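If you read the sequences in order, they're chains A and B. My numbering applies: residue 1 is where the first sequence begins, and numbers increase by one. My numbering applies: residue 430 is where the second sequence begins, and numbers increase by one.
FYI, nobody ran anything at the bench for these hints, they're computed from the structure. Everything numeric in this text was worked out from a predicted model, so none of it was measured. Positions of the beta carbon are idealized from the N, C-alpha and C atoms, including for glycine. Hints are not guaranteed to be accurate.
No more than 20 Å apart at the CA atoms, straight line, and that leaves these computed lysine to any residue pairs for SDA-like [as the list claims (entries may be wrong)]:
1) B:K708 <-> A:R241
2) A:K244 <-> B:C607
3) A:K244 <-> B:P604
4) A:K249 <-> B:T665
To list a few chain A residues with every Cβ distance to chain B over 12 Å, as calculated [unchecked claim]:
5) T82
6) F85
7) G169
8) P366
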Amino acid sequence: MNTIRRVAILGGNRIPFARSNSVYSQASNQEMLTATLQGLVDRFNLHGERMGDVVAGAVMKHSRDFNLVRESVLSTTLSRDTPAFDIQQACGTGLEAAMIVANKIALGHIECGIAGGVDTTSDAPIALNEKLRKILLDLSRAKTGAQRLAVASRIRPTMLVKPALPRNGEPRTGFSMGEHAEQMAREWAIPREAQDELALKSHQNLAKAYESGFFTDLMTPFKGVTKDNNPRADLSIEKLRALKPVFDKKVAPGQGTLTAGNSTPLTDGASAVLLASEEWAAAHNLPVQAYITFSEVAAVDFFDKKEGLLMAPAYAVPRMLARAGLTLQDFDYYEIHEAFAAQVLCTLAAWQDKVFCKQQLGLDKPLGKIDMKKLNVNGSSLAAGHPFAATGGRIVATLAKMLAQKGSGRGLISICAAGGQGVVAIIER
Amino acid sequence: MSMKPIEVTETPSLAATFFRALGTGAKRPGLIKSLPKVELVLPRVELNAQHIGQYSALCGFKMGQGVPLIYPQLLTFPLVTAYVCSDDCPWPAMGTVHLANRITQYQSLNPGDVVRVELGAGNLFAHEKGQVFTLDLRILRGDDLVWSATQSLLRVGVKATSGGPYASQIAADAPLSCQTEFSATADLGRRYGAVSGDRNPIHMAALSAKLFGFKRAIAHGMWTNARALSFLLPATPVEKATLDVEFKTPLYLPGRAQLWSAREGNSALFEVRDAKGQKPHLRGQLNY
Chain A
1 MNTIRRVAIL GGNRIPFARS NSVYSQASNQ EMLTATLQGL VDRFNLHGER
51 MGDVVAGAVM KHSRDFNLVR ESVLSTTLSR DTPAFDIQQA CGTGLEAAMI
101 VANKIALGHI ECGIAGGVDT TSDAPIALNE KLRKILLDLS RAKTGAQRLA
151 VASRIRPTML VKPALPRNGE PRTGFSMGEH AEQMAREWAI PREAQDELAL
201 KSHQNLAKAY ESGFFTDLMT PFKGVTKDNN PRADLSIEKL RALKPVFDKK
251 VAPGQGTLTA GNSTPLTDGA SAVLLASEEW AAAHNLPVQA YITFSEVAAV
301 DFFDKKEGLL MAPAYAVPRM LARAGLTLQD FDYYEIHEAF AAQVLCTLAA
351 WQDKVFCKQQ LGLDKPLGKI DMKKLNVNGS SLAAGHPFAA TGGRIVATLA
401 KMLAQKGSGR GLISICAAGG QGVVAIIER
Chain B
430 MSMKPIEVTE TPSLAATFFR ALGTGAKRPG LIKSLPKVEL VLPRVELNAQ
480 HIGQYSALCG FKMGQGVPLI YPQLLTFPLV TAYVCSDDCP WPAMGTVHLA
530 NRITQYQSLN PGDVVRVELG AGNLFAHEKG QVFTLDLRIL RGDDLVWSAT
580 QSLLRVGVKA TSGGPYASQI AADAPLSCQT EFSATADLGR RYGAVSGDRN
630 PIHMAALSAK LFGFKRAIAH GMWTNARALS FLLPATPVEK ATLDVEFKTP
680 LYLPGRAQLW SAREGNSALF EVRDAKGQKP HLRGQLNY
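Just chain A, with the same shape it has in the complex (with noise of 0.2 Å):
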């Protein structure tokens, strides 16, 4: 057995994110990501080469879809010899699709891979009304004439009329994700006013890395849009207080601090990386922009021990620097995918907090701070937009590129998922 390798990341790619039914409302899953993945082959000259694997996944997909990853790397100029297959882990997909890739090539399974993730709110996924879908089933298991006859007989006019829908909701408490977000806002006492000035930031940290010229080399045109369509110039901290709270009816009546501007929206798009080993990069010729170096996952019983449902994170990071031999405070960025603003502002607070840090984390001390000022620094999901499985290769790429830029240093990245999981990783160079 080979020893343990370095994994290099050598770029990312993505279409620009685009908010739900606005101007990627056409386009499917599997031409979002076909389009990413071209871009990154064009980018990286991969015309015809033969990648180890490639690992992509979204969380809302149509039944057809079963192979996406593996139809989109045929739709593509990779070698049509390159396997693919699919994951989902809700929000954490795009990350746990780089920890595949990173694991095999690691381990000495495959010395080149592609990891992504697409979404789409726009396209959903609309099923046959779950009767009606019954009763077609018992149609095609019935025999004779008179059994279809009595079959068909249950069908009513409804059942046409009342499909089913996907939902943005945890199944085991029929909660939306905002509302479990605005949960642990109030557990953990998060101002608006703070959430707000989160949410801001992002798309001013957002804008200057677009004025910068930072996303140019990572990311490829889509149907005629060379930007991300959520982040709004105009925006101002007195247009985000003027918004009215929208998960605060079930939780906390009157009483909300999430809002349409501090929480991510419903997004199109796609992303994708390339990871490699330092042989197979140098043998291409391609520079190394970082490595990834470490990764942990953790899950939350937020249904028995009512946990907030996106606190996963704050356990999984713990765990990591613990392994890693370092503390909160060791990392020169900070990538804490914003999902909600209360979301990052209770897991800092939680990392803060000695009763948590204690009690939940088993630490003698709490993490601390850490300086705010390296959080999120080329804006997150609260300006760019969040298509689920397409937020991880987004992160991915853009730290390795900051670190890149740097010379050298060390980010951390936090990922929230539904079903009360969080994905995490260190990326160092």
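Got chain A; can you put chain B on it based on the hints?
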């Protein structure tokens, strides 16, 4: 100085109150150095659960929130009416504006409580628009003062004003955020009037409001105040609380309004603003 409290026993009819109030319009007091000392009392009032329920429903309070912080002020209304219609009040009843209100609750009240309700004439303050005078309202359960309020009323247009300069009681300042929206229905003034007893024609109907110079009927300021509070107060009853509120501009009926607030722990600075979130109807500060 000792004085004998006057027990208010009669409950005059609506028409009688109205004509008495109109009758006070002839008052032309000239310079008033201080309010005549007077104390009005309702010696025994029982908190009626059904009435509290009607009030809560109209203002948006939930069952679990207990007796709303502002509700006890309804019990003082007969005394306030009696006072402003009496000779002890130097100015006419009609056209006197409710400028500000400060409530302090020392203990929570419960349905069924038997309380004593007191009103005392307060102080004078000079306001840029006229003369401010205050009424001290108190509610006692046994010997315990459980609730008190200072109602600041403005007599617009008084030139020769007495007292020190009027100053806002709301010192805190923080940027506010839009919290929620609510609507005030066309019949709100009549419904709140029926529950509170305050059937001032400016709240009743567009036509009667026009007689007093308003383009339409306006919401009772204390309703708007209570509606905001139903969002700001916690879901369970509060023991001790203070509430300062200043009334700014009328909320015309029917209308929509927004609640803007900034919270810090158990205190909230808030404004009820117009539907666009620009013009404030009232501004307040709550601590509990």
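For each hint, the structure was consulted:
Between K708 of chain B and R241 of chain A the CA atoms are separated by roughly 15 Å; this keeps the pair inside 20 Å, and the hint holds. Straight-line distance between C-alpha atoms of K244 of chain A and C607 of chain B comes to about 5 Å, which keeps the hinted pair within the 20 Å bound. The hinted pair formed by K244 of chain A and P604 of chain B meets the criterion: a straight-line CA distance of about 15 Å does not exceed 20 Å. Note on K249 of chain A and T665 of chain B: the hinted pairing holds, with a Cα-Cα distance of about 17 Å set against a maximum of 20 Å.
At roughly 51 Å, the least C-beta separation between T82 of chain A and chain B is larger than 12 Å, which holds for a residue marked as non-interface. Distance to chain B confirms F85 of chain A as a non-interface residue, since its nearest Cβ pair spans about 46 Å, more than 12 Å. The claim that G169 of chain A is not at the interface with chain B holds, since no C-beta of that chain comes within 12 Å of its own (minimum 22 Å). Against chain B, the non-interface label of P366 of chain A holds: every CB pair exceeds 12 Å, the least being about 21 Å.
Checked against the numbered hints listed earlier, the structure breaks none of them; every hint is satisfied.
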